[in-house]
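Trainee: All chains, please: the whole structure from these sequences, using the hints.
Chains as they are written, first to last, in my numbering: chain A, 12 to 310; chain B, 12 to 310; chain C, 12 to 310.
Heads up, some of the hints might be wrong.
Identical copies look the same in the list; a pair holds intra-copy or inter-copy alike.
To be verified - Result set (DMTMM-like, lysine to aspartate or glutamate): computed pairs, CA atoms no more than 20 Å apart in a straight line: (1) K46 x E310; (2) K223 x E264; (3) K248 x E91; (4) K37 x D105; (5) K37 x E27.
Source of the hints: derived by calculation from the structure; they are not laboratory data.
This is what each chain is made of:
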Amino acid sequence: MNFISMRSMGVECIEEVLKRAKDFDKSVDFTNVLKNKILGALFFEPSTRTRFSFQTAMERLGGSVVGFSSAEGTSIKKGETLSDTVRIIAGYTDCIVLRHPKEGAAKLASEVSPVPVINAGDGSHDHPTQTLLDLYTIRKNLGEFDGLRIGICGDLRYGRTGRPLSIALSHWNVKLYYISPPQLSMDRGTVRFLKERGVDVTEVMRIEDVIKELDVLYMTRIQRERFPTEEEYLKFKGVYVINRDIMKMAKQEFILMHPLPRVDEIESEIDQDPRAKYFEQARNGIPVRMAILEKAIKE
Amino acid sequence: MNFISMRSMGVECIEEVLKRAKDFDKSVDFTNVLKNKILGALFFEPSTRTRFSFQTAMERLGGSVVGFSSAEGTSIKKGETLSDTVRIIAGYTDCIVLRHPKEGAAKLASEVSPVPVINAGDGSHDHPTQTLLDLYTIRKNLGEFDGLRIGICGDLRYGRTGRPLSIALSHWNVKLYYISPPQLSMDRGTVRFLKERGVDVTEVMRIEDVIKELDVLYMTRIQRERFPTEEEYLKFKGVYVINRDIMKMAKQEFILMHPLPRVDEIESEIDQDPRAKYFEQARNGIPVRMAILEKAIKE
Amino acid sequence: MNFISMRSMGVECIEEVLKRAKDFDKSVDFTNVLKNKILGALFFEPSTRTRFSFQTAMERLGGSVVGFSSAEGTSIKKGETLSDTVRIIAGYTDCIVLRHPKEGAAKLASEVSPVPVINAGDGSHDHPTQTLLDLYTIRKNLGEFDGLRIGICGDLRYGRTGRPLSIALSHWNVKLYYISPPQLSMDRGTVRFLKERGVDVTEVMRIEDVIKELDVLYMTRIQRERFPTEEEYLKFKGVYVINRDIMKMAKQEFILMHPLPRVDEIESEIDQDPRAKYFEQARNGIPVRMAILEKAIKE
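Mentor: Below is the structure:
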């Protein structure tokens with residue numbers, strides 16, 4: 012089966028992945044699950060975490076990976092279309108994982124590919140495997156989703172993690188707090204969609220306004236190039252920084268997440284705080300992507 | 012044994028590869044054939060298909076691959092010679108596969124390497140593993156070579172696939188039709204060689220002139236940089252395009268091939284035509300390269 | 012355990028690696044030693060030999076490798092710190108091997124990594140796995156170290172191989188001859204350190220002055236960018252070249268080594284001389300790095 016978007020993924024599928032990931036998290040002895048299977052990894056954009064964790068997940072399941080980590084050194088430079096590249100690599104492999112700068116690239120790929128396609132990020136649109144490991148991290152640390160108050164902070168408009176995470180969480184009874192400058196607020200379509208699904212969405216501009224309420228704060232990077240002037244960028248960059256003062260205001264059972272890489276939105280002194288879960292979150296990418304690969308290839 | 016050029020490859024060797032590839036095409040259970048063997052993949056030029064299909068072939072035989080996909084990130088940038096690079100990687104591995112922009116690079120490599128060398132393209136000179144998968148595709152679809160009328164269209168002068176395919180086909184009783192602009196016609200030396208071997212070679216400028224006769228049309232890419240002016244390029248680019256009108260003129264048992272990547276010399280609407288075999292052709296690279304790797308390493 | 016610097020490595024550890032490497036050198040049947048283990052290879056600088064030989068060593072032990080061969084195509088471009096990259100990749104893998112342009116990078120990595128770290132070169136500071144294979148090559152060819160007279164020639168100041176090799180050799184009773192232009196002489200701190208350990212160090216400017224005495228000559232590359240003017244570079248480049256005349260002056264049991272890549276400091280006609288051991292030296296990287304990986308991961 013394909014993993015293309017959180018909008019099209021049912022809650023049963025999410026639950027199955029989270030459940031199976033728990034098995035993979037407990038033991039490393041699963042090298043027969045995808046023995047002799049080959050994953051084609053097509054990364055048209057830089058990635059460390061996503062690419063390496065897919066590769067590691069595949070190796071831990073007994074499979075192997077062929078692919079590229081940028082469009083350099085491939086036939087794309089010779090003018091080949093995405094469809095043709097996908098069709099050819101699909102002819103060699105048992106599954107495709109695709110990262111691409113254009114929204115909808117994974118869906119297009121899945122339409123021409125004879126083997127399953129996993130979306131590893133298409134522009135700022137979706138990134139379902141990141142969302143699944145985010146959900147896994149929340150549940151592992153806080154138990155059930157119902158009743159949780161979850162803040163998502165940073166670039167909600169162009170970032171690729173906040174939107175699919177919100178959509179996935181709408182399957183449960185959660186309260187969402189969006190924290191961002193107005194220029195980078197969540198698009199109205201998504202907010203409307205969430206409200207129609209019954210999610211309580213609160214939008215604020217300062218972390219301090221809501222930090223005391225939160226069970227989860229999901230930080231994201233703010234990119235310089237989103238702002239018209241350096242001045243405006245620096246204004247917001249300085250505001251969205253997690254330091255000891257912010258952590259003091261948060262609850263004891265609170266968890267701090269970040270899809271990484273971070274630049275300076277979380278100070279390194281916070282790494283020692285037991286509520287800082289971003290490195291564990293990255294590590295959870297392995298069992299969760301093992302579960303996704305197994306499901307993609309075997310179902 | 013080495014796989015360097017089609018000129019030096021006997022018909023018995025070709026037949027053995029084609030026969031063994033059929034075994035690999037039928038089953039995927041061959042993971043003990045090259046167990047623990049390591050292939051050194053030295054790609055000094057971009058490649059998607061060739062590199063990935065060698066890697067996939069090696070993995071499906073139970074072996075593994077080390078290597079690079081461009082000269083970037085290697086010691087070549089520090090001024091190392093090709094001979095030294097080959098000797099060192101040969102010291103680590105059981106076989107070398109080499110793509111290099113310079114004609115004769117693979118031959119040079121084979122002279123200094125203690126392990127077998129496979130030429131994965133040396134300039135516009137030769138590309139024997141592509142030719143072997145082309146032959147495999149023709150035989151799989153049309154049976155025996157004797158009596159076939161085979162057109163090769165596009166850049167016959169600088170392209171690296173038409174020349175070795177012609178030379179290989181000269182082992183059988185085929186008729187060749189070369190379709191190209193005069194600037195990109197097959198070099199006279201090769202035409203003479205083929206005629207001496209008894210091949211009937213016809214050279215024309217338009218696909219329409221011969222399409223009705225053909226059992227196979229092998230399209231290749233025409234590259235802008237081969238023409239003195241943009242105007243002249245566009246003139247020929249427009250002429251060598253396979254569309255529905257052309258396909259209507261072709262026979263029912265005809266097959267359309269292309270080494271890929273294509274730019275726009277085959278319209279995408281043709282992909283659905285059962286006579287379009289270029290994606291199957293790419294896929295045939297796996298069993299054929301499995302046969303080549305086995306033969307290279309074990310003989 | 013970590014492999015960070017030759018200064019911190021005891022002679023027992025060296026001896027264990029050299030002994031175990033001998034086992035790996037004799038047989039290729041060790042694919043269960045690191046079965047299912049994954050090495051994270053973080054190469055922030057170009058490398059052919061080191062990266063490929065680690066990958067080959069890991070494959071020959073039954074493990075596999077994830078990683079990158081340059082900072083391109085990774086999150087470092089997004090502003091991620093080395094610490095964060097190491098922590099994340101360490102979360103996926105069983106061992107980290109790191110090449111980095113900055114001195115001390117490997118030590119820093121070992122402080123934040125939950126898995127062992129192997130230094131594959133940090134600036135011009137250290138390169139312990141190269142030193143171990145250099146030692147292995149000397150012992151394999153000449154037996155015991157005690158009593159040997161070893162010349163090291165070229166860029167002793169900025170080169171990353173001469174310094175750790177000297178420090179390692181100071182565990183035995185050797186005589187060192189440093190041959191370099193004054194601008195590229197070994198730093199005073201290292202010379203003092205060696206003399207305090209009882210090593211007899213002689214510094215000269217011409218190979219001819221000492222070649223007759225030597226059991227080993229270890230050549231290194233001189234890089235253009237170390238000299239203020241092209242003129243001065245060419246002056247020294249011409250002086251430090253091993254040709255037949257030099258080899259005639261050397262002893263019969265003498266060996267010529269080079270970490271490679273070479274540019275033109277050893278003429279290619281010397282490759283046939285049985286005393287030229289640099290290709291064997293490169294090949295010794297496999298068994299030695301197998302021993303290092305086993306020790307790093309299992310102890």
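Trainee: Now tell me, hint by hint, if it's right for this structure.
Mentor: Hints, verified against the model:
{"no.": "1", "hint": "K46 x E310", "verdict": "within (16 Å within a copy, 28 Å between copies)"}
{"no.": "2", "hint": "K223 x E264", "verdict": "within (11 Å within a copy, 74 Å between copies)"}
{"no.": "3", "hint": "K248 x E91", "verdict": "between (39 Å within a copy, 16 Å between copies)"}
{"no.": "4", "hint": "K37 x D105", "verdict": "between (26 Å within a copy, 16 Å between copies)"}
{"no.": "5", "hint": "K37 x E27", "verdict": "within (16 Å within a copy, 34 Å between copies)"}
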